[in-house]
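Engineer: Here's the letter readout for the chains.
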Amino acid sequence: MTNIIHLIYLVPLLPLIGFLINGLARKLLSRPVVSVIGSGVILASFVISLLIFFQVRQDGFTAQTISYFDFLSAGKIKINFAFQVDQLSTLFLLIITGVGFLIHLYSTSYMHEETAPGFARYFSYLNLFVFSMLLLVLGANYLIMFIGWEGVGLCSYLLIGYWFKNTIYNNAAKKAFIMNRIGDFGFLLGIFWMINTFGTVSYHDLFNPQNGIISSISTLNSKTLVGITLLLFLGAIGKSAQIPLYTWLPDAMAGPTPVSALIHAATMVTAGIYMIARSNLMYTLSPITMSVVAIIGLSTAIFAATIALKQNDIKKVLAYSTVSQLGYMFLGLGVGAYTGAVFHVMTHAFFKALLFLGAGSVIHAMGGEQDIRKMGGLGKHLRTTYITFFIGCIAIAGIPPFSGFFSKDEILTAAYSNNTLFYIIGVLGSMLTAFYMFRLLGMTFNGKFRGTAEQEHHLHESPPAIAIPLIVLAFLSIVGGLVGIPEIFMHDGHRLAAFLSPVFAQSAGILAKHESSAQNEILLMTISSVLAVIASLWAWTKFRKYKPTVDESTGFAKVLENKWYVDEIYDTVIVRPFRSLSVFFNNVIERSGIDGLVNGVGKGINYGSRQIRLLQNGQVGNYILMMVVGILILFIIQMFAK
Amino acid sequence: MLGKYITFPELLLWFPLVTGVLAFTIKDAKKVKAWALFSSLMTLIISIISLCYTDGSKYLYYNNVSYKWMPYLGSSFSIGLDGMGRMLTFLTALSFPLILLGTYKREYKNANAFYGLMLLSQCGLMGVFVAMDALVFYFFWELALIPVYFLCSRWGGEKRIPATFKFFIYTFVSSLLMLVGIIYIYLQSPPTITSDHSFAIQAFYKTALLPKEQGWLFCLFFVAFAVKMPVFPFHTWQPDTYEQSPAPATMVLSGIMVKMGVFAVIRWVLPVLPEGTLKFENIVIVLSVAGMLYASCIAIVQDDLKRIVAYSSIAHIGLMSAAIFALNATALQGVMIQMLNHGINIIGLWIVIDLIEKQLGIRKLSQLGGIAQKAPALSIFFVIIVLANMALPLTNAFIGEFAMFAGLYQYNSWYVVFASISVILVAVYSLNMVQKVFYGSTNSITELVQDISIREKVTLAVIVLFIFILGIYPKPVFQLTEDTVSAILTKFGK
Amino acid sequence: MSAIIISAIWGVVMMFGGVFLKKSSSPKYWAIAGIIILLIANVMEFFGWQFFNIDTHGMVRFDNFTLVFNTVAFACTLLYFLLNGRDIEKVGNGNNISEYFALIFFVLCGVAISSSFKTLLMLFLGIEIMSIPLYILTGSDKRNLKSNEASLKYFLMGAFSTGIMLMGIAFIYGGNNLASFYIDNLQLGNGTLPVMVGAGLVMLVVSMSFKVSAAPFHFWTPDVYDGAPTVFTSFMATIVKVAGFIAFIRLFQSSFGVIQSQWQGLIVIITAATLLIGNLTAVFQQSVKRMLAYSSIAQAGFMMLALFALNDTAKEGLILYAAAYSLASIGLFAILARMQDYTIEGFNGLGQRQPVLAITATVFLLSLTGIPLTAGFTAKFYMLLAAVKNGHQLWLVIFAVLCAAISAYYYFKIIQAIYFKEPTENINHQIDVNRRFEWLLIIVAGLIVLLGVLPGLLVDWLYY
Amino acid sequence: MNITQILFWFLSVLAIVGAAGVVGSKNPVYSVLWLIVVFFAISGHYILMNAQFLAIVNIIVYAGAIMVLFLFVIMLMNLNADAEPAKNMNLKMAGTIAGMCLMLVFVAALSRSDEMNRVSQMNGGDIGLIGYLGKVLFNDYVIPFEISSVLFLSAMVGAVVIGKKE
Amino acid sequence: MEIKWYIFLSLALFCIGIVGVLTRRNAIIIFMCIELMLNSVNLLLVAFSKMHLSGVAAQFPTLASDAQIFVFFIMVVAAAEVSVGLAIIIMMYRNTHSVDINFLNRLKN
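Chains as they are written, first to last, in the numbering used here: chain A, 18 to 659; chain B, 118 to 611; chain C, 26 to 489; chain D, -14 to 151; chain E, 227 to 335.
The hints are simulated quantities; they were obtained by calculation from the structure and are not laboratory data.
Note that the coordinates shown come from a computational prediction; the quantities given were computed from them, not determined experimentally.
Hints may be right or wrong, so weigh each one.
Below 27 Å or equal to it, Euclidean Cα-Cα: the simulated DSS-like pairs (lysine-lysine) are [to be verified]: (1) Lys115/C - Lys149/D; (2) Lys575/A - Lys562/A; (3) Lys611/B - Lys592/B; (4) Lys414/C - Lys329/B; (5) Lys592/B - Lys93/A; (6) Lys222/B - Lys446/C; (7) Lys222/B - Lys44/A; (8) Lys77/D - Lys11/D; (9) Lys334/E - Lys171/C; (10) Lys120/D - Lys53/C; (11) Lys446/C - Lys144/B; (12) Lys53/C - Lys149/D; (13) Lys95/A - Lys592/B; (14) Lys115/C - Lys334/E; (15) Lys475/B - Lys171/C; (16) Lys608/B - Lys95/A; (17) Lys446/C - Lys620/A; (18) Lys323/B - Lys147/B; (19) Lys44/A - Lys491/B; (20) Lys144/B - Lys93/A; (21) Lys276/B - Lys446/C; (22) Lys475/B - Lys44/A; (23) Lys182/A - Lys481/B; (24) Lys414/C - Lys185/B; (25) Lys414/C - Lys147/B; (26) Lys171/C - Lys283/B; (27) Lys475/B - Lys182/A; (28) Lys620/A - Lys334/E; (29) Lys611/B - Lys95/A; (30) Lys222/B - Lys481/B; (31) Lys446/C - Lys226/B; (32) Lys77/D - Lys334/E; (33) Lys574/B - Lys182/A; (34) Lys323/B - Lys414/C; (35) Lys44/A - Lys574/B; (36) Lys276/B - Lys620/A; (37) Lys93/A - Lys611/B; (38) Lys620/A - Lys283/B; (39) Lys171/C - Lys77/D; (40) Lys115/C - Lys396/B.
Next up, chain A with everything else stripped away, as it sits in the complex:
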């Protein structure tokens, strides 16, 4: 058993192989073969991950770094291609491969209408994504993480633009990539800063408790650390869709629904959380950054939630919800609840994947329709979907004892002990969450069907390949929270915290624990749960009898419907001026300025040529006069100018 860790390379390698096979032989392979290969490799990875997990879980396991080769050795920089196996990465492995497998499975059915090569292309992209994501979490240094980081961005791009004939989808894909790149820009700078100051980017060198470089820093808020952490956080903002770079995520819903589930809900967008959790020590040492993270997280949470209230596209609602939930995770990170954040990543992966897949199932049934105003009453036709979706909604709304409750509560509790205002806003956000989720549920599954007759005729429950993942995820959404039962309910109930404790041990040592009293904690829980339940019920009752209205929404509702006009603002403030600048560069500076100067020299010479040749006017008298003048000048220079 001990050497199973050395098989770690197989975990990313298998998806890569899947990618290569599916990608290169996409014209030769039939759909079933592609499905088997595509899902099989992920399953295999999952199995290996599981085995590794069991080993890591054993007591006394210390983080291991497994180096493969010199990746980059230029001058001072020596960076290995190495994997890090510890509790955090293993947990993420499980989430990625586990949820990933389910979604692959789901996709085999969901994407069945694609042509065989397209199908293979889709699976190869998915495999590549899993590979990149695994690289991201497995990397033993920030460079490898960055590889995965950009890799998932790429896959996200490819998958959002999977239907490449559609220009809107392409634009969405492009937007996603570019926004991610803005984040990556910060990440990259952070890495450079690290390299420059610490000379290394390897986690082991930086964080190991014995002689890690960061570990030995004792001052808080050193300029370097604050800078690095802020830059890295910029990366996280981009990847995890936080204010101000969140706008790509709702647009990213252009991709196939399983992709939204996998990438834009369960895994990729949580990379930012992973990264900060991974560098928790640095963040802990820079409280300024922590506050920034918390504030941005919280504001994103509430901001996205408000937008979600008025969205009518089923996937858009979920997308904003994702943004909002990610905000919670950052809030957790910002207030030092690293475990809580990771916990929420996990539970969120379950229920948000569930919700997305459920939405996919709905869309599938509706023949591609995504507008919830044209749905309604689907619960009758899609029983499984309805039930699982319902479970998902409860979980995300934070109603006990479903998984969302535990994880969100942990974050909120930590927020409370950090700053009461955080807590209040957080609870408000969670109310909003409950509200819009149940609005979604109500409008989709309850009431009367509002679509066309033809659509109604075709309504049917999805095949098993779709249903099974839903059921599994629903199950996980219910019980997933049980790995993190708060201390007050059960001693040693927070197994996750125990499991992850080696990773966060150093931070925990530094963070002053504001242990709140047990009563207090129960009170808080009660408040949030009750509020969530109230919000849910209100929304459900209100929207289960939704009737489409033609009149345009006005005032604040309109602002919300238009997503606070953020896209428009970006367009006017950044995109357009930038484009004008580029046009200015191109037309004025390049054409008229530099090129004009160069051509001007040419023209000047031509002009000079035309003028100077007039001296040569054919008259001998003039010529001789010119000579005489020349003599005069030369003579004066020679004889007098001394």
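Since chain A is already given, all that's left is putting chains B, C, D and E on it; use the hints.
Structural biologist: Here is chains B, C, D and E on its own, set in the frame of chain A:
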């Protein structure tokens, strides 16, 4: 054994020359094409052998051959290969088969002259990379230009004559300035047995120059190389020339010739004029970084595929030139590998663009679209190459750019902050290009496009293979150039 | 010494040949024979075989520099005869052929004198012997008004500059304490330049500048080169002009070399002006012949750098430049002489019609531009080397280099016409060439490349 | 003021007046005649300086031969009438000013010369005598003398080539 | 006589010659002016020869006579030039029936 009678630098230099001259005599278009391909493949084999062949000492004296040339002047025809030289000769040798294969379908009038000139330009380029004597270097520096000039002007697009002529004048002026600089340094160089001064590279390295002299000499040299690279604001010849040149010439220009500038700065400016370098490094870096952003911005609003790639190349080269002047091992190593990478990537880009243009006769973004449906293989290759051009991790350019950025960061972090904005901008225009060309729906023109043949697939596959191999395991290249870099840095006491 | 004597004698021979040889084609062969004899005699003298042992009282001296230059000049003349023999016979409707050859031999005599003089008197005579036959040759196309006009202009201005030169000589004689015309005696050892000698020096500079067509005394050049029959333009723009430079540098190096710093300013001004005016004016020309005339001014500017530098490298460079420039120009003029249309459009599509002519013309033009691998480059390189070596006024060198770039502009216009343009409809593109002519052009081009690769072949003889 | 000086001034004034006459006469024939006056004046100077040979040669060659040639040509062309239309006044002015400036500059420059006050030996010295000069010419200057024959030959050939009617 | 008077006289003649060259349009008169210039040089040379005779050349009279020989050669050359020059002028006259240099303007620019 081989090294005793005839050496690699000689082989690499004379082989293309001889085959190039012979190519002129082959009248049959098909045969001459095959001949050129054969010749370039042979050169590639020679170059690969030279890469494997080592005798322990890699820097400067390795494989050095020297013939008496102008003994009174202290110039000898001396050529040799060090790590950097071997890398760049390899790039040259590798590029030509790729170029020829990638454009094999093209039919050019007077094929014998066309391919003959191609091979001659290869000879010229090789000469630049192997020269170990300033005069020899200058010789080849100009000679490499002439065949390319003819190629561009004879077989290029509609406005080829003014465009390439601008290019010619630009480079000619600048290289003449460099000649003045070379002469000046020569006249300060220490005496040798046969002459008062010497053009040999070692003599140049030993020449002691006053800081003030170094300052203006630096300007003379740098302008020459900046034009070739090109660095903002000496770049305006480039987009026009790339746009108007025939595809193979464009590839030679951007794939290899641009590297001449970078190479020359590393080989002839840094070690010879250390103090001049230190004096101007800031200015150069600022120019380069400004150029990066500027070119990237312009690339965004271009409509012509070739111009986009041209401006993108300016941006990439800007980073290289900035990194050179960061003057540390990391950055220089990055530059080294990036020379190779950029060469490979941009040739790939041109090949794809040429394949599109050849089939459809257009290369305007606004007229293209939906090619991915009709030509998936072409699209995949193109996307991969574009991604490599964007320096996505695990592709070759990432390694180079990462090292360069990291090195530049050591020099001054603010430059990197600005320079890496281009990381975002490159994504903007690259993806825009991919989208406009390959995605979306087809129109009446692009409907006719067909996917590429096996030959072109192989060509592009080789490029992609290099992209990934160098992107995942760049160590051999780093090792190859390590000694060169450290030898240069010792001049700066680093 | 044999060069002067044999060329004079052969001139007389050719002169009488006009009377006795009736067959119109034979003067050419006689002339070729004569030039070969001249060349051989000269080379033999170089290796120490003196035919004539005459006490010249030190008025002429044939040193290595002279002999190497003479060899170059005679070799170029040989090529010139070979290439242009037929065209010379056509000038002025085929009359007076042998007289033309006789005059050319007299010019060569003048060339030999002006490359070997040691006194101002011999310089004066040499320059005059070069000039007077050229006035005639310029006007040899008697029915052509342009030729007449050129001839008269050349003559008037030439005579005027002779006056200037003589005044200068007079002042130098009057002002120097040794009362000598011997240029070596003018070595002004104590480093001061007497006022009167200074005045004379300015006038000598002016008149020599006139002979080598340096600005602002170049005005005769375009008109005369344009008006003269192309074959003779070829001769006077190359060999004669270069001989002027040889005389120029010989005079100033021996006489005023040590006090160069006191008059370098003049040369700097003249050089800069020549480079600028020559190159700039050439840009706009439509007629290739006239363009070459201006370009010859530009090239003169580069050769002036030798005078600016005034060191051994400058001499080497001048020899190389002489060879490079003469060969390329002779070749180009030979092609031009066979063409019907002298405009740049006349060259359109030459690459397709006459590949050999095209490629050789390209080599000549590249050489004139100064692209490596051609003699033009090595020559320019030596010039720059010499000028930088001189150590002063580096800006002039950079200026020269920039002007060289301008020269690329107009030389390449022809290359562009040759290769990249289609023949124009309404222009007579006919060229009258044969195999022999092509081979000769190839030989000239080959020589250019040879000197471009191995300049030592020529320069090393200076130190033989 | 002795007789030499008087003669000197007289001849100088004559020469300058003659020269002005050459430039100023409208009729070319008068110009020729004025030029002859100048030549005589210059010959007078030669005699003053005891350069007898040159004085004679000047009269014979210049005044006698060359000027006659000029006269012939002028008469051949029948240019004795006022054939010259008014020249561009600007150019004329410019020419005159340039010439005067040149004169001014020359004089100004040369006045600073050391030689200015040295004396030119008048009347004495036999170097200007035919016998002396002849010896020098045919001993030391034999080469230039022979070479000047080439000059004459070429001039002769030239004149024939140009002058011969086709 | 002091040499300066000779110098001034020569310069005066020389410059009058130049003025004539510049202001006249008749080729023959221009040519005559050039002859005038040459003569002024001759005068100056002779004066210098006599000046040196009383100075450095007192012991070596050949140094002084060199100038007079030079003058002789100038005359020779002038004669040759005249023959050629007049021939050219006549040729010109034959073709254009004019010796006005202002009409020499076919070649320009």
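Engineer: Could you run down the list of hints and mark each one as holding or not?
Structural biologist: Here is how each hint holds up against the structure:
| no. | hint | verdict |
| --- | --- | --- |
| 1 | Lys115/C - Lys149/D | holds (17 Å) |
| 2 | Lys575/A - Lys562/A | holds (22 Å) |
| 3 | Lys611/B - Lys592/B | holds (22 Å) |
| 4 | Lys414/C - Lys329/B | holds (18 Å) |
| 5 | Lys592/B - Lys93/A | holds (14 Å) |
| 6 | Lys222/B - Lys446/C | holds (25 Å) |
| 7 | Lys222/B - Lys44/A | holds (26 Å) |
| 8 | Lys77/D - Lys11/D | holds (14 Å) |
| 9 | Lys334/E - Lys171/C | holds (11 Å) |
| 10 | Lys120/D - Lys53/C | violated (42 Å) |
| 11 | Lys446/C - Lys144/B | holds (22 Å) |
| 12 | Lys53/C - Lys149/D | holds (21 Å) |
| 13 | Lys95/A - Lys592/B | holds (11 Å) |
| 14 | Lys115/C - Lys334/E | holds (25 Å) |
| 15 | Lys475/B - Lys171/C | violated (53 Å) |
| 16 | Lys608/B - Lys95/A | holds (23 Å) |
| 17 | Lys446/C - Lys620/A | holds (22 Å) |
| 18 | Lys323/B - Lys147/B | violated (51 Å) |
| 19 | Lys44/A - Lys491/B | holds (14 Å) |
| 20 | Lys144/B - Lys93/A | violated (55 Å) |
| 21 | Lys276/B - Lys446/C | holds (12 Å) |
| 22 | Lys475/B - Lys44/A | holds (26 Å) |
| 23 | Lys182/A - Lys481/B | holds (19 Å) |
| 24 | Lys414/C - Lys185/B | holds (23 Å) |
| 25 | Lys414/C - Lys147/B | violated (52 Å) |
| 26 | Lys171/C - Lys283/B | violated (36 Å) |
| 27 | Lys475/B - Lys182/A | holds (23 Å) |
| 28 | Lys620/A - Lys334/E | holds (22 Å) |
| 29 | Lys611/B - Lys95/A | holds (18 Å) |
| 30 | Lys222/B - Lys481/B | holds (21 Å) |
| 31 | Lys446/C - Lys226/B | holds (14 Å) |
| 32 | Lys77/D - Lys334/E | holds (21 Å) |
| 33 | Lys574/B - Lys182/A | holds (24 Å) |
| 34 | Lys323/B - Lys414/C | holds (19 Å) |
| 35 | Lys44/A - Lys574/B | holds (15 Å) |
| 36 | Lys276/B - Lys620/A | holds (18 Å) |
| 37 | Lys93/A - Lys611/B | holds (12 Å) |
| 38 | Lys620/A - Lys283/B | holds (12 Å) |
| 39 | Lys171/C - Lys77/D | holds (26 Å) |
| 40 | Lys115/C - Lys396/B | violated (64 Å) |
In this structure, the earlier hints numbered 10, 15, 18, 20, 25, 26 and 40 are contradicted, and the remaining ones agree with it.
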